[in-house]
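Going down the list, the protein sequences come from chains H and F.
Quick note: the first sequence uses the working numbering, first residue 49, plus one each step.
Quick note: the second sequence uses the working numbering, first residue 49, plus one each step.
Hints in this document: simulated from the structure, not taken from any laboratory.
In this text, all values refer to a predicted model and were calculated from it rather than measured experimentally.
Misleading hints may appear alongside valid ones.
The list makes no distinction among identical chains, and a pair is therefore deemed to hold if it is satisfied within one copy or across any two copies.
[Said to hold, decoys possible] Only pairs whose alpha carbons sit at most 27 Å apart, straight line, appear in this in silico BS3-like list of lysine-lysine:
#, residue 1, residue 2
1, K319, K264
2, K352, K97
3, K202, K177
4, K92, K352
5, K106, K330
6, K202, K179
7, K82, K177
8, K248, K293
9, K293, K310
There are 2 protein chains.
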Amino acid sequence: MDYSIGIDIGGTNTVIGLVDESGTVVAKEKLRTKESSIVDDYLKSVATKIELLADRVKEENLILGVGIGAPNGNYYHGTIEYAPNLPFNGIIELKEILEVLLLKDGYNLKVTVTNDANAAAIGEMIYGKAKNVRNFIMITLGTGVGSGIVVDGKLVYGHTGFAGEVGHTIIDIDGRQCNCGRKGCVERYASATGIVITIKEMLANTTRDSILRAIKEDEITSKDIYEAALKGDSLALECFDYTAKILALGIANASEVTSPEKVYLFGGLSKAGDILLNPLKKYLNEFLFSVFQNTIDIELSGLKEEDAAILGAAALCY
Amino acid sequence: MDYSIGIDIGGTNTVIGLVDESGTVVAKEKLRTKESSIVDDYLKSVATKIELLADRVKEENLILGVGIGAPNGNYYHGTIEYAPNLPFNGIIELKEILEVLLLKDGYNLKVTVTNDANAAAIGEMIYGKAKNVRNFIMITLGTGVGSGIVVDGKLVYGHTGFAGEVGHTIIDIDGRQCNCGRKGCVERYASATGIVITIKEMLANTTRDSILRAIKEDEITSKDIYEAALKGDSLALECFDYTAKILALGIANASEVTSPEKVYLFGGLSKAGDILLNPLKKYLNEFLFSVFQNTIDIELSGLKEEDAAILGAAALCY
């Protein structure tokens with residue numbers, strides 16, 4: 049059987065998984081991303097873990113390579129570039145350094161890098177629901193909003209290697225201030241962070257009753273809003289409706305560009321299921337240009353949350 | 049030498065051109081699109097003109113095929129579908145009917161169909177400035193705003209075959225009413241029609257002096273605004289600045305999706321040159337997410353206005 053190694057580099061932890069061709073994570077290793085702020089030390093630890101996993105199967109099987117999903121990961125350069133939430137500054141030559149380290153120890157493995165959302169999109173193609181879907185958009189709803197765009201069966205990297213930033217398309221030039229320095233980005237509304245901003249605005253601007261008034265304002269989480277919505281709290285439901293509206297606008301605008309057949313939602317907020325999906329579908333059709341209406345299905349991702357980042361990264365080897 | 053036949057179907061005229069491989073239109077035929085509202089009659093006339101042109105070179109040369117650029121032209125289906133400005137209703141099986149007509153007369157030519165803006169993008173790739181550009185966006189600024197998106201050297205058709213509608217991305221959900229039934233489409237601001245709406249609003253909402261006040265309001269054209277701007281008329285310049293701002297937002301949002309290296313402007317409003325280009329470049333950089341800033345050049349198309357539609361259509365044969 050063929051195996052691949054998928055690595056999910058997050059701000060806190062780095063998880064390294066050995067994945068078989070059916071998409072099962074057969075073994076995992078973990079280390080703290082902040083273990084060392086010296087990149088070379090950190091990457092030596094990563095290489096050691098890769099070798100540990102490879103040793104489990106390499107005698108009798110082919111290991112296709114190592115795929116890495118990382119914030120600001122660049123597919124063309126094999127780098128991480130100026131990732132704000134990682135302990136390493138500037139441009140990290142991830143692919144080059146790791147390949148050299150592995151080769152020194154006798155492991156001839158090709159390393160491929162991309163960002164988390166692109167990895168999720170490729171994961172959906174290889175192991176998830178998008179096996180036969182030629183045109184789709186993957187939306188990852190976490191602290192921010194990421195996206196991976198697939199056109200004609202291929203992930204879109206574009207000129208820079210950073211294509212697919214639906215979360216940073218602008219839906220209102222006078223809108224909310226985004227961390228990126230601009231205003232009105234989709235991410236500022238349709239992420240776990242964004243929905244909390246929305247509910248705080250709603251609680252402040254109305255005197256309407258809500259279960260959420262029992263929680264200290266600074267402690268409200270997106271999960272609280274979801275639970276309130278599940279109980280039929282009208283303010284929480286309205287908050288989800290507004291979130292869905294903005295997300296639908298971002299998806300509609302991206303869809304006018306690439307005309308996808310499917311949109312898959314993944315991560316955090318997508319767990320709200322129909323509470324998010326139902327208004328999302330309604331608004332998407334409203335915002336779409338006539339030729340695209342009723343041509344796009346929005347669904348939840350087919351990847352298991354727990355292993356999705358590793359699966360996406362491992363899928364880069366294909 | 050290889051030749052191809054390019055057809056530009058417009059609301060008023062249909063122009064059929066014989067194009068050599070260097071991109072020279074060596075001969076042209078013309079007929080009125082509204083000659084007959086019976087599609088079969090119209091297409092018989094088109095076929096006759098194609099044959100007339102083909103006869104000029106077919107003895108000693110290869111004719112690659114027939115390319116057609118038409119409003120609402122669909123590449124996958126070879127059809128025109130519900131084009132509002134053509135005299136034919138519903139779905140026209142353009143490719144099928146024309147191929148049969150031509151074959152009957154002994155001309156075995158493959159017919160390819162797409163919309164005008166996609167044809168312009170392909171024309172730019174084959175005959176214009178984009179010969180070695182893998183990722184670009186073509187924007188056609190006419191009565192409306194069209195676009196053709198090229199990713200990794202291939203035109204994006206998407207699931208429906210209608211991908212690339214930057215003109216119908218929404219920049220303000222409470223914005224101007226668009227003909228398409230929705231509100232706030234880029235096209236409603238950044239087209240020849242849109243800029244006239246803007247100047248009328250400006251003239252009505254201020255008492256500022258302007259050369260344009262000498263023209264009857266209902267008779268102001270985008271050309272008048274351009275000429276006033278050339279003379280330094282501050283209201284006209286502000287009008288171009290606002291137009292550029294909205295267009296920049298539409299282009300920025302599309303660029304977050306596909307990360308182009310170049311954006312080419314074509315048609316009507318693009319003739320304003322630097323009056324449009326200078327503010328457009330400034331706003332584009334402002335609206336772009338940091339990783340895309342200073343990675344995109346905006347330029348005027350390299351296709352000659354007069355023959356561009358035919359060249360784009362002819363380029364479909366490649």
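Comparing the hints with the structure gives:
1. K319 with K264: This pair counts as within: shortest intra-copy Cα distance 23 Å, inter-copy 58 Å.
2. K352 with K97: Within one copy only: 23 Å inside a chain, 59 Å across chains, cut-off 27 Å.
3. K202 with K177: Both, since 15 Å and 25 Å are each at most 27 Å.
4. K92 with K352: This pair counts as neither: shortest intra-copy Cα distance 29 Å, inter-copy 57 Å.
5. K106 with K330: neither (50 Å within a copy, 54 Å between copies)
6. K202 with K179: Intra 12 Å, inter 22 Å, cutoff 27 Å: intra and inter.
7. K82 with K177: So K82 and K177 fail the 27 Å test inside a copy (34 Å) and across (47 Å) alike.
8. K248 with K293: The answer is within: 17 Å in one copy meets 27 Å, while 31 Å across copies does not.
9. K293 with K310: within (18 Å within a copy, 31 Å between copies)
Consistency with the previously given hints fails for numbers 4, 5, 7, ordered from lowest to highest.
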